[in-house]
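**Student:** Each chain, written out:
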Amino acid sequence: MGRTLSEKVWDEHVVRSSAGEPDLLYIDLHLIHEVTSPQAFEGLRLSNRRVRRPDLTIATEDHNVPTVDWDKPIADPVSRTQVETLRKNAEEFGVRLHPLGDAEQGIVHVVGPQLGLTQPGMTIVCGDSHTSTHGAFGAIAFGIGTSEVEHVLATQTLMQDKPKTMAVTIDGALPDGVSAKDLILTLIAKTGTGGGQGYIVEYRGEAIRELSMEARMTICNMSIEWGAKAGLIAPDETTFAYIKDKPEAPKGAEWDQAVAHWKSLVTDEDAVFDKEIVLDAAEVTPFVTWGTNPGQGVPLGAAVPNPDDFEDADEKVAAEKALTYMGLEAGTPMREVRIDTVFLGSCTNGRMEDLRTAADIIQGHHVAEGTRFLVVPGSARVRLQAEDEGLHKIFLDAGAEWRGAGCSMCLGMNPDILAPGERSASTSNRNFEGRQGKGGRTHLVSPEVAAATAVRGTLSSPADLTLARA
Amino acid sequence: MDKFTTHTGLGVPLRRSNVDTDQIIPAVYLKRVTRTGFEDGLFAAWRNDPSFVLNNEAYAGASVLVAGPDFGTGSSREHAVWALMDYGFRVVISSRFGDIFRGNSGKAGLLAAKVDEKVVQKLWDHLDDNPGAQITVDLESRTVRAGEGPDAIEDSFDIDDYTRWRLLEGLDDIGITLSHDDDIATYEATRPSFKPVTLHA
Ligand code: SF4
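The listed protein sequences correspond, in order, to chains G and L. Using the working numbering, you'd call the opening residue of the first sequence number 4 and step up by one each time. Using the working numbering, you'd call the opening residue of the second sequence number 660 and step up by one each time.
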């Protein structure tokens, strides 16, 4: 019987397997940041262990770094301690680090692909659940906890039970103005936040093949939001073209060998998935969340749902709680929801295409009165390139704030947070209670919706702007 | 890591579903670089609420948390497990756990016992009727017990064999893996040279 893509990649990395035990899996690339690594290094030190493969390890500062005044000492003492600890550990254990101020600093999941370190057929881990982002290249990539970080540092392996496999086939083409973010939010709303639990998901079908690498990353990024262990997409010419000539991409004869191998990384025709889901891309519309988990979403054209309409008792209670927290009334059209802050950024939507899309929409408009628009590039490289293209000017002219790279308001560990009760439209991936600041209310949106919302001050799509102009 | 065979401790009903790791410990507490002392961040957003169950005197000293479905979903932060353990919990009982959370628990020595939803309901009712009641979680026989007489609750819980064995033996992961060092070296010798590296001579 044939094998699925993820089974092929898995099998290639099994160092040791024994009945009744998890497989011992080799890890090709280990990404590190300041928040989940200090205790791992502390553990190594306590037990007199070394980093087995510093040459397969890379660190960057992202989760709690400031996005203004990054050339000055970090004001927040705790953030400063974490960042300093990472610097000390990188130095002591010989790990490559891209610190604040470096051109390659940025969100770990933006940095890996843009350096060309993320390649098909790899196993990639990081102490961060959105490691699934790297699956866009046909890699098995997933988040791990700090003790697993220590385990990978010490052994370059992980003990893992082989997950089940699921195929999500997206047929047809996405309508104009509808993005990968709308697609993944729609999928999560359909399956629920636990729908992917226990699976490595392969996204496939016409709509997926048509997506750019950056859009594929947006899809894979949010795999964890519907519970999947990882999400991946078969590598193809789009993938190869993206990697080619990146700083750490294979060169010369090794490039040819690599591509030959990468081409074998597809699901065999007779392979069987444990589960399959099919979705029609043509039905997807701009999508926004109304609640406090990423599965609580509706089309932008719809209204805040009524908890009584949920058949499942748990969902009904969850909806009631969410509406209270979010300060929303059932029946209010989503388009009438007023937004205080728009956040464009994160490892979901903080890459070049996202900034270009948003800049294109906001050009010639101004941010609405009473709304602030925070634009936070995913990496310093993205920021520099955007500045080369003049995008920062477009944002600044429109009244937006142009910031340094990092996770920023995605998780509110740096000073970029919402005040209690403040409402955001955010291109990030989590709308959990308090995620963007205690009492903050988050609506997850695409970069398109983010930009249009910034202009109108209420949840909007770019189409609303054209109508308004006409 | 301490061995875990059986544990009897005060149970506390957490009547909430979908308690993600942001709620177990908000991100702001993740800024520390130490391995202990995270108990103050546990359920921080709810601790100011006098009606929150952990603020009820009757549950002081609790070590067995009985939670609703989908406990520990969301972010991979292991601090969630540390915060629970630093607070004094040895066991969390739920009908469904987030995958990463469950993995992290086994590694740190916190038992994540998966039971039928009905068992959670029975335990909740029992704890509400008898605040301060004890729950026994026996890892050897994979059973959870509470109460006495005709209303006694006794049921089985799920845990994979491997995690169970490690908890019973108190084994640390890295030590186990390093005993297979030869296998790792053999594997490394066969890795293709086109795979990327982060350091260049
Ligand atoms: S941008 Fe947000 S989701 Fe992505 S790594 Fe940073 S905190 Fe995590």
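Keep in mind that the hints are not guaranteed to be accurate.
Restraint ranges, calculated between C-beta atoms of paired labels, are given here [unchecked claim]:
1) L:Asn-714 with G:Lys-247: 32 to 42 Å
2) L:Gly-747 with G:Phe-313: 49 to 59 Å
3) G:Ser-50 with L:Asn-715: 52 to 62 Å
4) G:Glu-404 with L:Gln-793: 53 to 63 Å
5) G:Tyr-328 with L:Gly-720: 43 to 53 Å
Straight-line distance between alpha carbons at most 25 Å, and here's what the computed SDA-like set of lysine to any residue pairs gives [as the list claims (entries may be wrong)]:
6) L:Lys-662 with G:Ser-50
7) G:Lys-324 with L:Val-687
8) L:Lys-690 with G:Glu-87
9) L:Lys-690 with G:Asp-311
10) G:Lys-249 with L:Ala-703
11) L:Lys-777 with G:Lys-396
12) G:Lys-396 with G:Glu-87
13) L:Lys-777 with L:Gly-834
14) G:Lys-165 with L:Asp-820
15) L:Lys-777 with L:Arg-749
16) G:Lys-324 with G:Thr-194
17) G:Lys-249 with G:Asp-277
18) G:Lys-91 with G:Arg-48
19) L:Lys-854 with G:Asp-26
20) G:Lys-167 with L:Trp-705
21) G:Lys-193 with G:Arg-99
22) G:Lys-165 with L:Asp-842
23) G:Lys-254 with G:Glu-372
24) L:Lys-690 with G:Arg-99
25) G:Lys-167 with L:Val-774
26) L:Lys-773 with L:Asp-745
27) G:Lys-319 with L:Arg-675
28) G:Lys-254 with G:Ser-215
29) G:Lys-165 with G:Asp-277
30) G:Lys-319 with L:Glu-776
31) G:Lys-247 with G:Asp-277
32) G:Lys-75 with G:Gln-388
33) L:Lys-777 with L:Asp-745
34) L:Lys-662 with L:Gly-834
35) G:Lys-247 with G:Val-269
36) L:Lys-854 with L:Asp-841
37) L:Lys-854 with G:Ser-20
38) L:Lys-662 with L:Thr-802
39) G:Lys-441 with L:Pro-709
40) L:Lys-690 with G:Pro-418
Hint data in this document are derived by calculation from the structure and do not stem from the laboratory. Just so it is clear, CB atoms sit at the ideal spot from N, CA and C, and this is done for glycine as well.
**Student:** A separate judgement is required for each hint: does it hold in the structure or not?
**Tutor:** Hint-by-hint comparison with the structure:
no., hint, result
1, L:Asn-714 with G:Lys-247: 32 to 42 Å, "violated (59 Å)"
2, L:Gly-747 with G:Phe-313: 49 to 59 Å, "violated (36 Å)"
3, G:Ser-50 with L:Asn-715: 52 to 62 Å, "violated (40 Å)"
4, G:Glu-404 with L:Gln-793: 53 to 63 Å, "holds (55 Å)"
5, G:Tyr-328 with L:Gly-720: 43 to 53 Å, "violated (31 Å)"
6, L:Lys-662 with G:Ser-50, "holds (19 Å)"
7, G:Lys-324 with L:Val-687, "holds (23 Å)"
8, L:Lys-690 with G:Glu-87, "holds (12 Å)"
9, L:Lys-690 with G:Asp-311, "violated (40 Å)"
10, G:Lys-249 with L:Ala-703, "violated (44 Å)"
11, L:Lys-777 with G:Lys-396, "violated (59 Å)"
12, G:Lys-396 with G:Glu-87, "violated (33 Å)"
13, L:Lys-777 with L:Gly-834, "violated (38 Å)"
14, G:Lys-165 with L:Asp-820, "holds (15 Å)"
15, L:Lys-777 with L:Arg-749, "holds (22 Å)"
16, G:Lys-324 with G:Thr-194, "holds (20 Å)"
17, G:Lys-249 with G:Asp-277, "violated (36 Å)"
18, G:Lys-91 with G:Arg-48, "holds (12 Å)"
19, L:Lys-854 with G:Asp-26, "holds (21 Å)"
20, G:Lys-167 with L:Trp-705, "violated (36 Å)"
21, G:Lys-193 with G:Arg-99, "violated (41 Å)"
22, G:Lys-165 with L:Asp-842, "holds (19 Å)"
23, G:Lys-254 with G:Glu-372, "violated (51 Å)"
24, L:Lys-690 with G:Arg-99, "holds (22 Å)"
25, G:Lys-167 with L:Val-774, "holds (22 Å)"
26, L:Lys-773 with L:Asp-745, "holds (21 Å)"
27, G:Lys-319 with L:Arg-675, "holds (13 Å)"
28, G:Lys-254 with G:Ser-215, "holds (23 Å)"
29, G:Lys-165 with G:Asp-277, "holds (12 Å)"
30, G:Lys-319 with L:Glu-776, "holds (17 Å)"
31, G:Lys-247 with G:Asp-277, "violated (34 Å)"
32, G:Lys-75 with G:Gln-388, "holds (23 Å)"
33, L:Lys-777 with L:Asp-745, "violated (29 Å)"
34, L:Lys-662 with L:Gly-834, "holds (15 Å)"
35, G:Lys-247 with G:Val-269, "holds (20 Å)"
36, L:Lys-854 with L:Asp-841, "holds (21 Å)"
37, L:Lys-854 with G:Ser-20, "holds (23 Å)"
38, L:Lys-662 with L:Thr-802, "holds (17 Å)"
39, G:Lys-441 with L:Pro-709, "holds (18 Å)"
40, L:Lys-690 with G:Pro-418, "holds (13 Å)"
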